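With chain A held as given, fit chain B onto it using these hints.
Each protein sequence line maps, in turn, to chains A and B.
Read in the working numbering, the first sequence has 105 at position 105, and its numbers run on one by one without any break.
Read in the working numbering, the second sequence has 132 at position 132, and its numbers run on one by one without any break.
Mixed in with the good hints there might be a few duds.
[What the hints assert, rightly or not] If you want a taste of the chain A side facing chain B, the calculated C-beta under 8 Å gives, among others: (1) A2; (2) S3; (3) A9; (4) I13; (5) A43; (6) I106; (7) S113.
To be clear, the hints were calculated from the coordinates, so they are not data collected in a lab.
If you're wondering where the values come from, they're calculated on a predicted model, not measured in any experiment.
Don't be surprised by glycine CBs; every beta carbon is placed ideally from N, CA and C.
Listed below, chain by chain, are the residues.
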Amino acid sequence: MASKAYLNALKEIPKEIQQDVIGSISIANEIHLILKQKDLCAADLARMLNKSESEISKWLTGLHNFTFRTVRRISEVLEVDLVVTNSTKIAEYEQRLEKLQKEINILKNEADSNFGFDESLNFTVSSLLHESTSKADRYLANFIPHETNGNIKIKAETKSTMYYQVSNC
Amino acid sequence: MKSEISIVLRRDLDFTKVRYYTLKFGDENKTELDKFYDNYQDEYSKSVYFIKMWIAEIGEKFSAESKYFRPEDNASALPPPTKELRCLDIELDQENMNLRLYCIVLSPEIVILVNGGIKESDATRDSPTCWKQYSFTSSIASQINRMIKQGDLVIKGKMLKRSKSFNLTYKK
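Next up, chain A with everything else stripped away, as it sits in the complex:
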């Protein structure tokens, strides 16, 4: 839970500035993770980008304001998408939600045919909650590479956000 001071500070600071600062740190963290997965070090990335090792080390402190060109070059040499656009994310959510809606409808029909009105309503709500929760879990698991699966803990806040998004879209 963020402190009151932090939440108040964010109210005052323009979103653009917040994203610049938080974005530079998150890209640095992402590069760290990919290098670890690929069993590479900062020196390897420096060689691949034809940059000095000290420059790359600075990038990985999370204090660098990355330009898009720099991010693109890093994405190219590491063969990963460091930036996933909102429209791509939304399209993925929509596909998954559509599938989920179909499954919910099937469950609802089954429940309606097996129980009375009150019972079917309770059954449907709990099924919906259960389905949303497990779908969100599976969706999050897609982002975790197999070799690291089990070693990464998904924060409770991230899960809550996912449940919220899945159940409110």
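Relative to chain A, chain B alone:
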């Protein structure tokens, strides 16, 4: 004549990992941090917001590690250092990185935010507004270090305990 200076807790900057303090001259109403914001918020609003965001991020998520502060002899400054990378983001750098806020990092949990100025050249000495505030911050940092060595100022977690016998002073 020397003025007395007190260390003031910024309740609005009491984050999960860092508690920020500032300084206040006994004969003035405003704290040094408020004077800094008043001086630069209008003309350098983007730079001030950047600094505020870093204060919040360091305070909430990271703690006051040395890598987040520019070393300035016995004092420090915000925003965090990016000197080696200026060639890559020169536009952003020129737009946002010339404003300095001097501070005194006492521990990973305690930082005193002082005042700042515009860095107009590589040497702080050649930037009048910066030099004035750096000299002030540096003098206070020396006095605080002496207080800590003598046991007149004790750091306990996020708290500062000061003996009444020792006062911070500065000739304006």
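Evaluation of the provided hints:
1. A2: At 6 Å from the nearest chain B Cβ, A2 of chain A passes the 8 Å test, so the hint holds.
2. S3: Status holds, d = 5 Å.
3. A9: holds (4 Å)
4. I13: holds (5 Å)
5. A43: Cβ of A43 of chain A sits 16 Å from chain B, so the hint is violated.
6. I106: Since the shortest Cβ distance to chain B is 43 Å, the answer is violated.
7. S113: violated (52 Å)
Of the numbered hints stated above, those contradicted by the structure are hints 5, 6 and 7, listed in ascending order.
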